[in-house]
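Following the hints, position chain B against chain A.
There are 2 protein chains.
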Amino acid sequence: MRTELCERFGIEYPIFVFTPSEKVAAAVSKAGGLGVLGCVRFNDADDLENVLQWMDANTDGKPYGVDIVMPAKVPTEGTSVDINKLIPETHRDFVAKTLADLGVPPLPEDEERSEGVLGWLHSVARSHVDVALKHPIKLIANALGSPPKDVIDQAHAAGVPVAALAGSAKHALRHAENGVDIVVAQGHEAGGHTGEIGSMVLWPEIVDALDGKAPVLAAGGIGTGRQVAAALALGAQGVWMGSAFLTSAEYDLGVRQASGVSTIQQAMLDATSSDTVRRKIYTGKPARLLKSRWTDAWDADNAPDPLPMPLQNILVSEAHQRMNESSDPTAVAMPVGQIVGRMNEIRPVADIIGELVSGFEEATKRLDGIAES
Amino acid sequence: MRTELCERFGIEYPIFVFTPSEKVAAAVSKAGGLGVLGCVRFNDADDLENVLQWMDANTDGKPYGVDIVMPAKVPTEGTSVDINKLIPETHRDFVAKTLADLGVPPLPEDEERSEGVLGWLHSVARSHVDVALKHPIKLIANALGSPPKDVIDQAHAAGVPVAALAGSAKHALRHAENGVDIVVAQGHEAGGHTGEIGSMVLWPEIVDALDGKAPVLAAGGIGTGRQVAAALALGAQGVWMGSAFLTSAEYDLGVRQASGVSTIQQAMLDATSSDTVRRKIYTGKPARLLKSRWTDAWDADNAPDPLPMPLQNILVSEAHQRMNESSDPTAVAMPVGQIVGRMNEIRPVADIIGELVSGFEEATKRLDGIAES
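Heads up: the protein sequence lines correspond to chains A and B, in order.
Just so you know, we're using our numbering here: the first sequence kicks off at 22 and counts up by one.
Just so you know, we're using our numbering here: the second sequence kicks off at 22 and counts up by one.
Here chain A stands alone, though its shape is the one from the complex (with noise of 0.2 Å):
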């Protein structure tokens, strides 16, 4: 399984993973395709660059890339305090009184509270890049899109290649006309920051935009072989992938239960592609979640409105903390696809990798059978 892309960034496979977690980048790597490492959740540049050493170190010269959360147009922000005053108290209370509700126990006395997540701020993200350009990184991915100019010049100069996400042709081809190399398109059954399009309409749309002028790797419900397969028929130079990666047996993240699987994977292994839900309320913007009692709170009647991005994700940041460290698997603030149906056992790295190998060689098999018969 073979496209141009594998030429260009040195990998067995055009199997691109979005994770959060360093071991599971590590291992897309070793297995054969790029693990891309999320950043937003580094606050302090120099636990990014902690991890990018690791990530050096463990990675056997294999390429791997880096995830940034960076609007295009640069947003005026203050320090943290600032922007903690334009958080109305009307929503701190709904926040605490939903926690209380839904039992979640508070942090212990002596750990530190998360300030939010200031990756989601451009000055965090700016300095994600100039700590990720120090390393022998192969990509730089932006969840919002296009990045700024001078982060696309910034990265081009030091020979890495821009992928940004797109949900829709018009975007796709704005990130063509603003330099980026590679577009990634998220369809509609995505985790995270999605769109209305669906994958089996977005993708070959957007292919068709570019009509060449970046390479498009296929994001949104792609857990198996077949759906690779399904992918590189429509037009797709490879697949972006995240969620199926989550209930890996690398994803270290998260506070585990005596089965050793964590909280949050206990509530994905539980989960019907029915289960999620597309909100403002973990960013701001319309991501993708796991359905929880979290989410179906912000559903009643009594909820007040998401604030905007940066606020929300900085509102509801300790809540995120305090459900990811308590033992209640429906009580969780998770982004992940519909493809989290699909998500039922805890499976190695490699075999998730070579599944969607095979899986990709059965489809064309059986399709070469229907076209030959």
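Hints listed in this document are in silico derivations from the structure and should not be mistaken for laboratory results.
Computed from a prediction, not measured in an experiment: that's the story for all the values here.
Fair warning: there could be bad hints in the mix.
Unchecked claim - The list that follows gives simulated cross-link-like pairs (lysine-lysine, DSSO-like), each with its CA atoms no further than 27 Å apart:
1) K234/B x K386/A
2) K234/A x K386/B
3) K191/B x K306/B
4) K301/B x K301/A
5) K386/A x K386/B
6) K301/B x K94/B
7) K83/B x K155/B
8) K306/A x K191/B
9) K83/B x K301/A
10) K155/A x K44/A
11) K159/A x K83/A
Chain B alone, transformed into the frame defined by chain A:
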């Protein structure tokens, strides 16, 4: 491009096309697919009888099917006069005011008012089955899932298989248990009644859940041969299409403009894949519709909540009729899928089918190249 459904139905390609137009249905069957005529618009069984006589005379002996709209549970229903009493005056006022605001002309004085699309009524749908089974139909499909058991038995006694739409694996399994022969897996992208799970996730999920108990037709987002290839790669035995044939040259419903194109066709030619909404305003259940000034009006703060099925369709039936006969493509009520973004020209049915086949073959070759390199 052949699967076992080709043998079973005596068709050249596993392409099933739902259409309200007998001209399109006949052209599909003559081009090697299976045309499936939608019956919901026939309030009077005699009208359906006349149209099926036309089908018999104009399909060169090629197989065709019919599509009915029948809930599995038989609702209590009276005559349309009784039902009209259940519609609140506030809803009628809103519809009247909206049509005035949108500038939709009244019907001509001498034109018969629609009494509501009675095809949504159980008794009428049952009369469609009785009429259709006197013709050499090869399939009865039900847009609302499993028909009642005695209708399935009636079809089977006549040697006619039954297909049912499903938006989740749970529904698909229930259909198979009820004796349904073919499951149409209808993804979120689809026009008309649709669930929340995207085609990329839903199709293989239903294929795997059924595990051979019934073949699966993939629906939702298909308009090109590449998408047919994706559907078959994902395990479907064929495809179920609708929207893409609304802009076929043979489609003859609706008032024509000077260009020879109908008002609704013009609206679809103008639309992008972002120009649909999924709302309850057409039938009382969530259905994907072309976004228009009519759907916008129902999204406004002053709009009432839609009524349950079948009341909502009876409420808006004359409004639909008035908009269908107007010349303004910005105020229309039309179920259509996200593939509308690719419906940019009027083409003969045979050309559309021809591209589905050649596009499938090209996509298969593309995958072979990727697999072999």
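How the hints compare with the structure:
Between K234/B and K386/A the alpha-carbon distance is near 22 Å, which keeps this suggested pair within the 27 Å criterion. At most 27 Å may separate the alpha-carbon atoms for a hinted pair to count; K234/A and K386/B meet this at roughly 22 Å. Taking the CA atoms of K191/B and K306/B, the gap is about 18 Å. The hint holds against a cut of 27 Å. This hinted pair checks out: K301/B and K301/A have alpha carbons roughly 22 Å apart, not beyond 27 Å.
Straight-line distance between C-alpha atoms of K386/A and K386/B comes to about 11 Å, which keeps the hinted pair within the 27 Å bound. Distance restraint check for K301/B and K94/B: the Cα-Cα separation of roughly 20 Å lies within the 27 Å cut-off, and the hinted pair is therefore satisfied. Proposed proximity of K83/B and K155/B is supported: the alpha carbons are some 16 Å apart, at most 27 Å. For a cut-off of 27 Å, the pair hint linking K306/A to K191/B is broken: about 31 Å separates their Cα positions.
In summary, the hint linking K83/B to K301/A is not supported, as the alpha carbons are separated by about 51 Å, beyond the 27 Å threshold. Proximity of K155/A to K44/A is assessed by CA-CA distance (about 20 Å); at most 27 Å being required, the pair is judged to hold. For the proposed pair K159/A and K83/A, the alpha carbon gap of about 10 Å is at most 27 Å, so the pair holds.
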